[in-house]
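Trainee: Sequence:
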Amino acid sequence: MMHGGTAHRWSVRILRILLAAVFAWSAVAKLQDLSGFHAALLAYELPIPDRGLRLITLFVPYLEGILGLALIANFWPETVRPAVWGLCSLFVVILLLSAARGLDIHCGCFGGRGAPLAVALGRAGLLCVLAFWLVLQPSRLHASPKKN
Numbered sequence: 011m012m013h014g015g016t017a018h019r020w021s022v023r024i025l026r027i028l029l030a031a032v033f034a035w036s037a038v039a040k041l042q043d044l045s046g047f048h049a050a051l052l053a054y055e056l057p058i059p060d061r062g063l064r065l066i067t068l069f070v071p072y073l074e075g076i077l078g079l080a081l082i083a084n085f086w087p088e089t090v091r092p093a094v095w096g097l098c099s100l101f102v103v104i105l106l107l108s109a110a111r112g113l114d115i116h117c118g119c120f121g122g123r124g125a126p127l128a129v130a131l132g133r134a135g136l137l138c139v140l141a142f143w144l145v146l147q148p149s150r151l152h153a154s155p156k157k158n
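Position in the sequence shown counted from 1, then plus 10, gives you the working numbering.
Heads up, a few of these hints could be off.
[What the hints assert, rightly or not] Ranges of calculated distance between the beta carbons of each label pair, as one might list FRET restraints:
1. PRO59 <-> LEU25: 22 to 30 Å
2. PHE69 <-> SER149: 42 to 50 Å
3. LEU136 <-> ALA53: 29 to 37 Å
4. PRO59 <-> GLY132: 47 to 55 Å
5. ARG19 <-> SER45: 19 to 27 Å
6. GLY15 <-> THR89: 22 to 30 Å
7. LEU25 <-> ARG111: 38 to 46 Å
8. ILE82 <-> GLU55: 33 to 41 Å
9. VAL103 <-> PRO126: 13 to 21 Å
10. ILE66 <-> GLY15: 39 to 47 Å
11. GLY62 <-> LEU146: 26 to 34 Å
12. LEU68 <-> LEU28: 31 to 39 Å
13. PHE142 <-> ILE76: 19 to 27 Å
14. GLU88 <-> THR16: 27 to 35 Å
Keep in mind the hints are simulated off the structure, nothing from the lab. Cβ atoms here follow ideal geometry from the backbone N, Cα and C, with glycine treated the same way.
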């Protein structure tokens, strides 16, 4: 597979910016309504004590924001890209488990009432696939040297 073309580099850059925007939007939305995000987490009925969910409520928005900024800056791509994919994968797993348990919830991903579970699962699945594709792309540190 050829990775050196201008179109390919632009597609990687655009995807990085798109994922960064989604993560930043999600972080800001959660930070504007931490109690709403905590309520959304409670609705998932995860086997995590309330104290743990409160820590997650505080931690996840900042993690999303930091990952979004790092994607834009292409900072530590060998670490950040897999972290983004891992977080998206975790979201997919949690949504799948909720669907399998028949929970009628809204995701809470972007503040407010959130999307219905099926919509959230489709969106998270798409983001997961895109993030995985980005992981497979060479970063500037592992890119092939230019041939003269």
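Trainee: For every hint, state whether the structure bears it out.
Mentor: To see whether the hints hold, each was checked on the structure:
1. At roughly 37 Å, the beta carbons of PRO59 and LEU25 sit outside the given window of 22 to 30 Å.
2. Distance hint check: the CB atoms of PHE69 and SER149 are about 26 Å apart, inconsistent with the given range 42 to 50 Å.
3. Remark: the range hint 29 to 37 Å for LEU136 to ALA53 is contradicted by a beta-carbon distance near 22 Å.
4. With their beta carbons about 30 Å apart, PRO59 and GLY132 fall outside the hinted range of 47 to 55 Å.
5. For ARG19 and SER45, the hinted distance range of 19 to 27 Å is not satisfied, since their beta carbons lie about 42 Å from each other.
6. A hinted range of 22 to 30 Å for the beta carbons of GLY15 and THR89 is consistent with their spacing of about 25 Å.
7. A hinted range of 38 to 46 Å for the beta carbons of LEU25 and ARG111 is inconsistent with their spacing of about 32 Å.
8. Take ILE82 and GLU55: their Cβ atoms lie about 35 Å apart, and the range 33 to 41 Å holds.
9. Distance hint for VAL103 and PRO126: a CB-CB separation of about 18 Å, consistent with the stated range 13 to 21 Å.
10. Between ILE66 and GLY15, the C-beta spacing of about 41 Å keeps the proposed range 39 to 47 Å intact.
11. In this structure the supplied range 26 to 34 Å holds for GLY62 paired with LEU146, their Cβ-Cβ distance being about 33 Å.
12. Taken as a hint, the range 31 to 39 Å is violated for the pair LEU68 and LEU28, whose Cβ atoms sit roughly 26 Å apart.
13. Restraint check, PHE142 to ILE76: a C-beta distance of roughly 20 Å satisfies the suggested window 19 to 27 Å.
14. GLU88 and THR16 have their C-beta atoms about 23 Å apart, which leaves the hinted 27 to 35 Å range violated.
Violation of the numbered hints given earlier is confined to hints 1, 2, 3, 4, 5, 7, 12, 14; the remaining hints are satisfied by the structure.
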